[in-house]
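One line per chain: the protein sequences are D and E, in this order.
Be aware that the first sequence starts at 1, since it is given in the working numbering, and climbs by one per residue.
Be aware that the second sequence starts at 1, since it is given in the working numbering, and climbs by one per residue.
None of these hints come from the bench; they were simulated from the model.
Any given hint might turn out to be false.
Facing chain D, a subset of chain E residues (Cβ under 8 Å, in silico) [as the list claims (entries may be wrong)]:
| id | residue |
| --- | --- |
| 1 | G27 |
| 2 | I29 |
| 3 | Q42 |
| 4 | E49 |
Some residues of chain D that are not near chain E, with every Cβ distance over 10 Å (derived) [unchecked claim]:
| id | residue |
| --- | --- |
| 5 | T94 |
| 6 | W114 |
| 7 | V116 |
| 8 | C165 |
| 9 | L188 |
Given the structure is predicted, the values throughout are model-derived calculations rather than measurements.
All C-beta atoms, glycine included, are put in the ideal place defined by N, C-alpha and C.
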Amino acid sequence: MNPRLSRAIADHWMGWLAIVLLVIGSWIGLFVAPAERHMGDVQRIMYVHVPTAWIALLCFTCAFVAAIGSLWTGRERWDATLVAAAEAGVVLNTLLLIQGSLWGRATWGVWWDWDVRLTTSLILLLLFVGVLSLRSFAAGSERKANLTAVAAIVAYVDVPLVYFCVRWWRSLHQIQSSPATVDPAMILPLRLNAFGMLFAAAWFIVRRARLELARRRSSETALPERVRMIEVPRG
Amino acid sequence: MVENGPAGVIVGGWNFVVAAYSITAAGLILYTWSLLRRIRSQRRLERKEGKP
C-alpha cells in the first residue's frame, strides 16, 4: 500500500470509521427502517437528531471533566481537551437545533417554540459559545485556562437540565425513548449513527486538542523572540 | 383524537428529512474542513519556525 495512504488511514481511522458508520446508518434510516405510525417518514429525522443530541451532551460532559482536570492539575493537556470538546459540542448542538427546528415544523407546525427542552438546549449552546468567547479575551495562558475551566463548569449546570427537563416539566418535546419503546427495526440505524457521531466527535476532539497544544508551543517559543525584537531598539 | 391516541399520519415531509440530513452532513464537512485547514496552517507555521 502507498505509505502516504496507509499513514492517512492510521492517523484518521476514527474519522474514516465515523464516515462508514454514518453512511450505513443513514442509508438504513432513510430507506430500510419502517415509517413511524403517526409521523410517517418525517420521523426518519430521529436517526440523525437523537445521535447528535447524545454526542453533543457527551462532548459537553467531556469538557466538564477536562475543566475539573485543568483546575485540579493545571496541566495544559486538560485545557486543550476542554477547548476541543467544547468546540465539538457547540458544532453538534447547532446542528441539533437546526434538525429539531425542521422536525418541529413538520410535526408541530412551527419552526420554534419556547418549550423547556428547546429553550434549555439553546441556552446550553449560548453558554458554551460564551465559554469559548471568554477564552479569546483572557490574557496569559494560566489565567485563560482557569477562566475557561470555571466558565465551563458553570455552563455545564445546564446539561442535566436539558436531559431531565422533559421528565420534570410539561414539555411539547417527547420524553426519552428506550429500546423497549422503540421498534427493533429502528434501533440498528439509531445505534450505527450514534457510534458514527461518537467517532466523529472523538476525531474532532483529538485533532483540535493537538492543534491547541501545538499553537501554545508555537506562541511560547515565539514570545521571547518578540520580546527581544521589542527590546532591540531600546538597547 | 380517539381513545388510543392521535389518529392519522403525517403524509409527505421528505423535504424536511432531506434538509435535516443535508444540513447535518454539510455542518460536519465544514467543521472538518475548517479543522484540517487550521492544522495545515499551524504545520506551515512550525516549518517556518524550523520545528521538525
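ask   = Taking the minimum C-beta separation from W114/D to chain E, is that value above 10 Å?
value = 21 Å, holds
inquiry  = At 10 Å, judged by beta carbons, does C165/D keep clear of chain E as stated?
reply    = Holds, since 22 Å exceeds 10 Å.
inquiry  = Please check whether the beta-carbon of V116/D is more than 10 Å away from every beta-carbon in chain E.
reply    = 21 Å, holds
key: Status of T94/D, Cβ more than 10 Å from any chain E Cβ   = 7 Å, violated
task = Grab the minimum C-beta distance from Q42/E to chain D and call the hint holds if it beats 8 Å, violated otherwise.
result = Because about 5 Å separates Q42/E from the closest Cβ in chain D, which is inside the 8 Å limit, the hint holds.
request  = Verify the interface restraint on I29/E: the C-beta must sit less than 8 Å from at least one C-beta of chain D.
outcome  = 10 Å, violated
ask   = Against chain D, is E49/E within 8 Å by beta-carbon distance?
value = 7 Å, holds
key: Given hint G27/E near chain D, where the shortest CB pair must fall under 8 Å   = Since the shortest Cβ distance to chain D is 5 Å, the answer is holds.
request  = Verify that the Cβ of L188/D lies farther than 10 Å from every Cβ atom of chain E, and report whether the claim holds or is violated.
outcome  = 17 Å, holds
Violated hints, in rising order: 2 and 5; the structure is consistent with all others.
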